[in-house]
Amino acid sequence: MTEQAVVVDGDSLDCATVAAVAAGTGSTVRLDPDAAERAEHSWRLAEELATHRVVYGRTTGVGANREAMVQSDSAAEHGKRLLRSHAGGSGHRLPDEQVRAMLLIRLNQLAAGHSGAHPRLLRSMADALRQDALPVVHEIGAIGTSDLTALAETGLALAGEGPWSRGTLPAIEIGSGDALAFMSSNAATLAQAALACVELDTLLRASHAVAALSYIALDGSPEAYATSVHQARAHPGQVYCAEELRRLLGMRETPRPGRRVQDPFGLRAFPQVQGPALDAVRYLSEVLHIEMNTGPENPMVSVADGEIYHHAHFHTAYLSSALDHTRGTLHQVAELSAARLGDLVEPAFTDLPAFLASGPSGSSGVMILEYVAHDALTQLRHAALPVTLGTAVVSRGLEDHASFSTQAARQAREAATAYRVVLSCELVAAVRALRMRAADLVDLPVREAYDAAASILDPSMADRPLTADLARAQDLLDSLAGW
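Counting in my numbering, the sequence shown runs from 1 upward without gaps.
Simulated from the structure, these hints should not be mistaken for lab results.
From the three backbone atoms N, C-alpha and C, an ideal C-beta is built for every residue, glycine too.
Among the hints, a few may not be true.
As the list claims (entries may be wrong) - Estimated spans, in silico, between C-beta atoms of each pair:
hint: 1; residue 1: Val394; residue 2: Arg247; range: 45 to 53 Å
hint: 2; residue 1: Glu40; residue 2: Arg233; range: 52 to 60 Å
hint: 3; residue 1: Ala16; residue 2: Ile456; range: 22 to 30 Å
hint: 4; residue 1: Arg233; residue 2: Arg437; range: 31 to 39 Å
hint: 5; residue 1: Pro33; residue 2: Leu389; range: 44 to 52 Å
hint: 6; residue 1: Pro236; residue 2: Phe265; range: 16 to 24 Å
Generate coordinates for the entire structure from the input sequences, incorporating the hints supplied.
What follows is the structure in structure tokens.
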């Protein structure tokens with residue numbers, strides 16, 4: 001396997017690269033020399049400024065302790081005390097892929113050169129990624145105003161006091177100003193959001209192929225996808241979706257009249273519902289790109305100004321809002337997939353037996369798929385509930401608002417998992433319907449998607465468990481996204 005070289009420069013990290021490194025399948029990470037130099041300048045400036053002015057978290061405590069000055073005789077241990085006191089995460093351990101993604105994002109943010117953390121922290125994190133040494137990090141402990149517990153646990157592992165789930169590294173020194181500089185980030189939340197963004201993008205692209213197969217099985221009307229229709233209300237995602245369906249279905253000329261005057265919404269309104277989800281994922285990707293390539297640390301060290309600024313970049317309202325919007329649009333897309341599944345089991349739409357059954361009278365065919373799809377759809381509905389309607393007041397009233405982007409990111413991954421199930425149910429039913437109809441797909445680009453699915457799904461039409469088919473269909477969706 002050819003290793004992918006990932007150069008961490010503090011400026012060019014994207015979600016696809018995060019996902020590739022998170023997978024742990026051969027990415028070599030190295031720190032850009034210019035980034036290391038920026039970190040060095042930032043650290044030296046922060047050290048110098050802290051000798052003659054108050055610097056939050058460096059010469060003071062944190063939170064409501066912001067005015068408690070660190071005594072000179074205990075300054076050497078101040079950083080480690082902060083890490084120890086904040087490493088109180090709970091719940092399940094984060095999966096390895098999320099820990100790798102968190103390390104990469106935090107390293108890239110530190111490489112932007114605004115933290116004032118010692119460069120040895122950056123070198124140690126780069127070593128961790130190269131050697132796949134992963135600290136133990138727990139899931140619960142953040143509300144969208146810095147991932148304090150997750151990064152404190154990581155910092156303690158780097159300092160030689162915290163446990164590792166994979167491998168280990170030599171302990172490094174944590175200076176009085178390093179702890180807050182390291183913890184002041186939402187890197188764990190961003191990691192989960194970036195992985196969700198990549199998966200959602202994949203599933204939405206795969207849904208074009210699945211919907212195209214359902215369109216053929218249901219004798220859809222091409223009028224709803226006509227170029228002129230979508231140019232008349234040219235939202236980018238909607239236009240792109242219609243273009244994809246025209247491409248997959250080989251629509252090259254002015255559409256002919258369809259079998260029905262108007263199709264059910266699952267077919268007719270697909271571009272109008274899929275479009276907002278495509279646009280939402282694109283916007284989420286843009287937000288993540290900014291968040292991953294920024295210096296979020298409070299206080300921020302500006303070498304250019306020769307100054308330190310106290311601010312609120314730890315607050316991730318952009319991210320939580322983008323995630324809420326994305327999950328909401330995804331739920332609508334999943335509803336349409338479930339609606340098309342309902343059409344596929346209805347003889348009035350397919351001219352096939354009810355539930356696509358084949359066998360003695362009373363055979364159930366794919367009846368159970370609707371139950372599976374609506375179970376998953378209900379899970380998605382709950383995951384789509386907005387987190388931005390709540391808030392929290394903590395630290396003796398000083399920190400009186402929270403974005404809950406951490407919970408929004410967690411729910412985004414749950415929503416993606418649920419949508420994968422819904423879409424796989426539609427795919428299994430669509431392929432079965434096309435087999436029963438012996439549909440002619442020779443000249444259509446979507447034929448590749450059909451052949452791929454037909455090659456792995458059991459061709460038996462007898463009543464039988466469909467669990468294995470659903471598992472294979474779920475795995476295939478990643479490949480269908482490329483078509």
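- [ ] Taking the numbered hints from earlier one at a time, note which ones the structure violates and give those numbers from smallest to largest.
- [x] Of the numbered hints, all hold.
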